[in-house]
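Asks: Use the sequences and the hints to build the structure in full.
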Amino acid sequence: MKNKSKMTAMFSRPEMGAVLPIIVMVVIIGMVNPNFFAVRNLVDVARATSYSFIIAAPLTCLFISGGSDLSVSAVTNLGGIVCGWAMASMGLPIPLAVLVTLAVGVVCGLIKAGIVVKLSLPPFIMTLGLQYVINGFVLVSTNGLPITGFSDSFKVLGQGRLAGVYWTIIIAVIEGILIHIMLTRTKFGRQICAVGGNQETAKLAGIDVNKTRTIVNVLVSVLAAFCGICMASRFNSAQTTVATGTEMTIMSSVIIGGTSMMGGSGTIIGSLLGCLLLAVINNGLVLMHVSSFWQNLIFGAILIISIIIDKYRREKSGSGL
Amino acid sequence: MRKLGMIMLAGVMAAGVVMAGCNSAAPSSETAASGGASASGEKKTIYFVSLKVGGAAWSQAQQGFEDACKELGWDGYYVAPTTANDSSQMANLCETAMTSQADAILGPLFDKDVFTDIINRAHEQGMLVGTTNTYLDGIEDFNIGTDQKNMGVTQAETLIDLVGDKPCKVVWMNQNISGTTVLETYDAFCETLKGHDNIVIHGIEFDDNNPTTAADKMNNLWKADPQINAVICNDSTGASMGVANFIEENGLQDEFYSVGIDASADILNYVMTGALDCTLDQNFYRMGYESVYMLKDIWDGKEVEKKVDSGMNRVTADTAVEYGAARGYEVTASQK
Chain R
77 MKNKSKMTAM FSRPEMGAVL PIIVMVVIIG MVNPNFFAVR NLVDVARATS YSFIIAAPLT
137 CLFISGGSDL SVSAVTNLGG IVCGWAMASM GLPIPLAVLV TLAVGVVCGL IKAGIVVKLS
197 LPPFIMTLGL QYVINGFVLV STNGLPITGF SDSFKVLGQG RLAGVYWTII IAVIEGILIH
257 IMLTRTKFGR QICAVGGNQE TAKLAGIDVN KTRTIVNVLV SVLAAFCGIC MASRFNSAQT
317 TVATGTEMTI MSSVIIGGTS MMGGSGTIIG SLLGCLLLAV INNGLVLMHV SSFWQNLIFG
377 AILIISIIID KYRREKSGSG L
Chain A
277 MRKLGMIMLA GVMAAGVVMA GCNSAAPSSE TAASGGASAS GEKKTIYFVS LKVGGAAWSQ
337 AQQGFEDACK ELGWDGYYVA PTTANDSSQM ANLCETAMTS QADAILGPLF DKDVFTDIIN
397 RAHEQGMLVG TTNTYLDGIE DFNIGTDQKN MGVTQAETLI DLVGDKPCKV VWMNQNISGT
457 TVLETYDAFC ETLKGHDNIV IHGIEFDDNN PTTAADKMNN LWKADPQINA VICNDSTGAS
517 MGVANFIEEN GLQDEFYSVG IDASADILNY VMTGALDCTL DQNFYRMGYE SVYMLKDIWD
577 GKEVEKKVDS GMNRVTADTA VEYGAARGYE VTASQK
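Chains as they are written, first to last, in the numbering used here: chain R, 77 to 397; chain A, 277 to 612.
Simulated from the structure, these hints should not be mistaken for laboratory data.
What you are looking at is a predicted structure, and each value in this text was computed from that prediction instead of being measured.
A couple of the hints might just be wrong.
[As the list claims (entries may be wrong)] Stretches of chain A that chain R covers, calculated by requiring three or more beta carbons in the stretch to come under 8 Å of a beta carbon on chain R: (1) 457 to 470; (2) 483 to 489; (3) 493 to 507.
[As the list claims (entries may be wrong)] Facing chain R, according to a computed beta carbon distance under 10 Å, are these residues of chain A, among others: (4) K328; (5) G330; (6) W334; (7) Q338; (8) D343; (9) S376; (10) A378; (11) G479; (12) I480; (13) G518; (14) T608; (15) A609.
By construction, the Cβ of each residue, glycine as well, lies at the ideal position given by its N, Cα and C atoms.
Replies: Okay, structure coming up:
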């Protein structure tokens, strides 16, 4: 009886929405191509997961607080370009260029918060507008051309490894742990959940709703800009459109991981699993020799089935959506 | 309420100032180039409806287009959709050009179904239409661009040169399937490789115009099939960058055969380091530049060729620095 209730409790956890499809996919891919389990391949899957997760983790906090952000990919593009410009044109050393980039991330976050929080405008459409503005700025300032000419030491962040593990994976893990602790163990984390659950109640409880939402918006933009630095480092070149189109994939990962788009609930572990699921699908379709013409179709179908399974699971466990 | 009103007023004023500034400063996405009187004695207004802003290839076409317009003293507007390759947005931009009483439309109008009606209406309005790098079976007044079949042939011949008699399994990587021209190139590539039994074709793979996708996909393909040891890139932003990154990270410069496409500073850097054996530059500058002069020739009463192949240049590590310098690119990597 006790075991059954434990199972039910585990099954009703929001992260299970991503766990079940991952297990199914891993089994299928492993049967078709056992190379999937090779350490080298697992490291590659982890690396692909890490880029999405660097942005998905703070985005989870934003979703929990009741917000959303379509400008993350544009801020990622901008982050790479600013860092590249700071190093190649201004001649700044790498640490200073990184700091300048993160400062630009803060500015982007504050502008976004100013529009969405202070003026109480709908975040979905406003951040879409901001996405166009930032991408436009990137193109205008670079004439659409990539920035190159960085020192080889800049490659370490995107290409370097520690004991065979890419630095981006290590950074993503540390970031995930810190944000998880912030969300679950600190007063600020509880405030984020309260704001997303019900803003009026949160206000009555003495929470500064605007401040909480602003901080979370800034956090998302700073880490999106940081992801831009990682991508520029990987290619040793700052590309103007390197992250264009990734915002929907990252948001999908967060939602698949059990975070509610309505706010109030969600976990960092869930988002990590969501990112992992998408990386596993992308990796697995190639390993299983699925034709490129079929890959998008299958990718979309798996996502839809994952959400349907999750809805069924939540209804069964009584946790609702 | 009053505060909101003030904010909105300030916003409108700021927007007005910015837009006024844009008109005089010529923005990069819609650039006017004007100067003295044209050779044909009449100032013309030309729209170049591109499929994207920026990028290694199309930014060169923009440069060529603007240089030619400036030389002739014409008003040239380089416009592009906010989402790359969005044919419906490109159609809207063509209609804007028509409404603006422009004299001609140039650009990579890549979908015959979408653009046939627009081209017909432009002709009825007395406009000229020239396509660049996409041929619409002669419904346009002229075409200048890479001959798609020749491109496939050149890619295959380059690969044959690189591989020699050694065994090879090649991936043909493209952004996506956008129109029949892509398959035309691929078919020509496959056809040319017939009889070279040491070269096996893996097939087409897509990179969604994203270097990370290209690098990850190449990595996965290689693990799934270790016999793969060659890539032909058809997308400068995605494949050329991503494949080179994959090769460099895995130290496969000596084992992999890689042919990039187009030439920007970063692609040429990868050629220098050996991550790309060479790159085939499609000469986009010439497409932008000469398309304007082809319009001039028509208005001057001269005959122009209906279909002009702008050619391709094969750039190797031996020529990359000089080639880049001629186009204003500083190639910083040293040859390995």
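Asks: Could you run down the list of hints and mark each one as holding or not?
Replies: Outcome of the hint check:
1. 457 to 470: Coverage by chain R is violated for the region 457 to 470 of chain A (0 residues, Cβ < 8 Å).
2. 483 to 489: Holds: 5 residues of the region 483 to 489 of chain A have a Cβ under 8 Å from chain R.
3. 493 to 507: It holds: at least three residues are needed, and the region 493 to 507 of chain A offers 7 whose Cβ sits within less than 8 Å of chain R.
4. K328: Cβ of K328/A sits 8 Å from chain R, so the hint holds.
5. G330: 1 Å, holds
6. W334: 7 Å, holds
7. Q338: This interface hint holds because 8 Å falls under the 10 Å limit.
8. D343: 14 Å, violated
9. S376: 21 Å, violated
10. A378: For A378/A, the interface hint is violated, since the closest Cβ of chain R sits about 23 Å away, which is over 10 Å.
11. G479: Holds, about 7 Å.
12. I480: 6 Å, holds
13. G518: 8 Å, holds
14. T608: 5 Å, holds
15. A609: 9 Å, holds
Hint compliance for this structure: hints 1, 8, 9, 10 are broken, all remaining hints hold.
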